[in-house]
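The lines below spell out each chain.
Protein chains: 2
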Amino acid sequence: MINTLFLPELREMLAENNAQGLAEFCNALHPSRTAEFMAGLESNEVWEVFQHTDPSNQADILSYFSRPKQVELVTQHDRQEAAAIVQMLPPDERVDLFQELEDDAREELIALMPAEIRLDVLRLQQYPEDTAGSVMTTDVTKLPEHLTIGEAMNEIARQAGQRETIYYLYIVDAEDHLRGLVSARQLLVGMGKPETPISEIMQTDLVAVHVMDDQEEVANKVARMDLLAIPVVDLERRMVGIITHDDIIDVVREEATEDAHRSAAVEPLDQSYLLTSVLTLSWKRGIWLTILFFCALLTAFALKQYEQRLEKISWLMLFIPLIISSGGNSGSQSATLIITALSRGHISVGDWAKVVVRELWMGLLLGLGLALMGVAASWLLITGADWKMIMVVPVTLILVTVSGTLTGSILPLMFEKLGLDPAMMSNPFVAGIVDILGIVIYMTVAWWFVGV
Amino acid sequence: MINTLFLPELREMLAENNAQGLAEFCNALHPSRTAEFMAGLESNEVWEVFQHTDPSNQADILSYFSRPKQVELVTQHDRQEAAAIVQMLPPDERVDLFQELEDDAREELIALMPAEIRLDVLRLQQYPEDTAGSVMTTDVTKLPEHLTIGEAMNEIARQAGQRETIYYLYIVDAEDHLRGLVSARQLLVGMGKPETPISEIMQTDLVAVHVMDDQEEVANKVARMDLLAIPVVDLERRMVGIITHDDIIDVVREEATEDAHRSAAVEPLDQSYLLTSVLTLSWKRGIWLTILFFCALLTAFALKQYEQRLEKISWLMLFIPLIISSGGNSGSQSATLIITALSRGHISVGDWAKVVVRELWMGLLLGLGLALMGVAASWLLITGADWKMIMVVPVTLILVTVSGTLTGSILPLMFEKLGLDPAMMSNPFVAGIVDILGIVIYMTVAWWFVGV
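Chains as they are written, first to last, in numbering that gives the first Met the number 0: chain A, 0 to 451; chain B, 0 to 451.
Isolated chain A (complex conformation):
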């Protein structure tokens, strides 16, 4: 979203070269709001505004710009100045930005960084997307075990200016093995006894995640335990970083959006809707539409088998869309309920028997409800109907609804069991399978009652 409220004033200040006004604009507001007000400016105008503040504040503001805007800013202007800004970005944001740069721009910028930052970028770059390692920051306050409360307080006061969070302090041994956690709250409470060693007050029952853990599991853990941050360790339980609450919120939102897109058969986007090109979007939708098209093509082949039957009793055809959409809708409902319950950790694969029984009951109840309406619909639409004809649609609706609820619940559970993402069992996919089932059921029921 672009906030245009301040654009005229900003442009006026730039035209007048009003240094005092621009400096105040850069420093007075929360950097996220400064960024919001600048989002309507051209890249070279932003750069001009940036001249009126220091690299640390520039980095704060930069981190709230959209990724493409960030790329534009750090590549189209003085490399030395750009490097000074990028250096001040939080490590996790820095590496995300680097991954979006063209190869030579990245090389040039990295060459201008101090050795330790270069190393940090290289290390963070190795972690695959969606792992704990890819969202963690290395900017963490580690303290040795032998400090006292008073020494620890002095230490965090010294580090407070640079660290992303200073509210959780991690206690490590000489090899960076995670030993415990002291919160700033505990230090403040213990202020009266500055001589107490922190090893006496530290929490040792720590929850940590592994660098290669899936980010969704990490988010579930943090959400369940209401943590401010969670430490990330490597295979030797050496502490390599932390994931903070704000990154967790981003993960939760990102995962929710991905799940929503998958459930509507859209490959998840890397950028927001308006920033993704029409061609990319068409591709991300087209691959799934094509798969679903072939799925739907099977319904045409199925109907071809029953062509004679349908020609003889032409009213059968009227209800085809009604029947397949009823099955598809109840299937999507079940699939979504199961997928969200799985991803929130409310059910696990072990609950499958309970789930199937519940879905069976729901299918029967819902099917019965639809069947009642189906009786009325048949009576209205079939010319010269007898009771046998009237029974076809209601009985089909019950069976189709039950197939829908069972397919919709079992498929995601199977995917979860196989270690695949259950959200891949998107609603249209479930609906596609239930469509074919629906046609076969419909024609079979018709054969029972009206004997064609």
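Bear in mind the hints are in silico, worked out from the structure with no lab data behind them. The reader is advised that the hints may include incorrect statements.
Remember, identical chains collapse to one label, so a pair may be satisfied in a single copy or spanning two.
[Unchecked claim] Each computed BS3-like pair below joins lysine-lysine, with the alpha-carbon atoms no more than 25 Å apart:
(1) LYS387 to LYS68
(2) LYS68 to LYS220
(3) LYS353 to LYS283
(4) LYS68 to LYS353
(5) LYS68 to LYS311
(6) LYS416 to LYS353
Assemble the complex: chain A is given as a structure, and chain B must be docked to it using the hints.
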């Protein structure tokens, strides 16, 4: 999820009345894990375990139980003891629990609370669901403006034991008007100059939300600005509470689940899947299935209009499911893309023209792709096909896909514009509308090419 790992040990300790072991179990772990390990116990067993720890820790553990389990625990045991626990719950959790109790249990418990907690519960209860007021806590550290850094530090050290968060300190005047914010970080940095008044270091450009603001907007604000907590104010800008990062994560997850359910035409659940009864679930699905059934019934009436045409050219019928599912799928894709972009704040209603143009292009591109496959399908399935017959399905597919993308994108935007929840334009609903459009388009195109 129920963790059964410790159940046998716990039951053994209870049988042996092992007071030391049970006390250690209650106090050694993070309360969320203690709760997880106890989730498999019966309510009276939990109560027995609780006898080995104090009300404050009991409340910490209780807050991690599922809501029905919480209700069971506080209603089925000694009222006096239950009141002591409930009193120690964070104010926002306390009021959520009270709202789940039967009237007389609530009255009895409330009567046992101190007057200030009674008042707090009554005040928090007024806020409607999904507003900032309904998720905030009143447990917040407020400080007067005239304090110095040293005094403020002593004050938070004193309060640290009770407060939910002490990392953001809000500065208020005598009437509770919000004047500024000092973070624990700023205090720690300023520790060297304890005489400095906090009014000199406090941030005054504060972002606050109003008690009646929608919780989703609040979450968007916090996420955008990476805040630890956001203050909640009333109409007179008096500070009434804060919403902390952990509650924001819950809001984001709850809203995402609600949106997912809505998009599959399920009324959002108040409880998790397994905790919701089959009857309630059937009701929450049934109301939407019924609405969608009437929507689908229109397709039957539409087909009835074309009955003669379909009888004469029976191959037309084969492609009905294929055509309506292609339209429905492209419509769901667009609806989901637009709904998620709206809820993440990536687009606004003002972008409608841009959105429509993009969706028109995507519809054409995707339709063209499907049309190519449609040519092959027609050639395969229509006996004795000439080029005119073969053109019917491909041309229909292009038009239907475009109707799908346009309907799927315009309807949610219209709902947003009207101040309704765009997620109400669920995928099955969009698909239902596109189904009817699809049949009309199909029959019209057939009339163009094969003249029936």
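Hints, verified against the model:
In this assembly of identical chains, the alpha carbons of LYS387 and LYS68 never lie at most 25 Å apart, being 67 Å within a copy and 50 Å across copies at closest. In the homo-oligomer, the alpha carbons of LYS68 and LYS220 lie at most 25 Å apart only across protomers (21 Å), although the nearest pairing inside one protomer, at 33 Å, exceeds that limit. Taking identical chains as interchangeable, the C-alpha atoms of LYS353 and LYS283 lie at most 25 Å apart only when they sit on different chains, with a minimum of 19 Å there against 36 Å within one chain. When the C-alpha separation of LYS68 and LYS353 is checked against a cutoff of 25 Å, the pair qualifies only between copies, where the shortest distance is 20 Å, while the shortest distance within a copy is 50 Å.
In this assembly of identical chains, LYS68 and LYS311 lie within 25 Å of each other by CA distance neither inside one copy nor across copies; the values are 64 Å within and 60 Å between. In this assembly of identical chains, the alpha carbons of LYS416 and LYS353 lie at most 25 Å apart only when taken from the same copy (16 Å versus 42 Å across copies).
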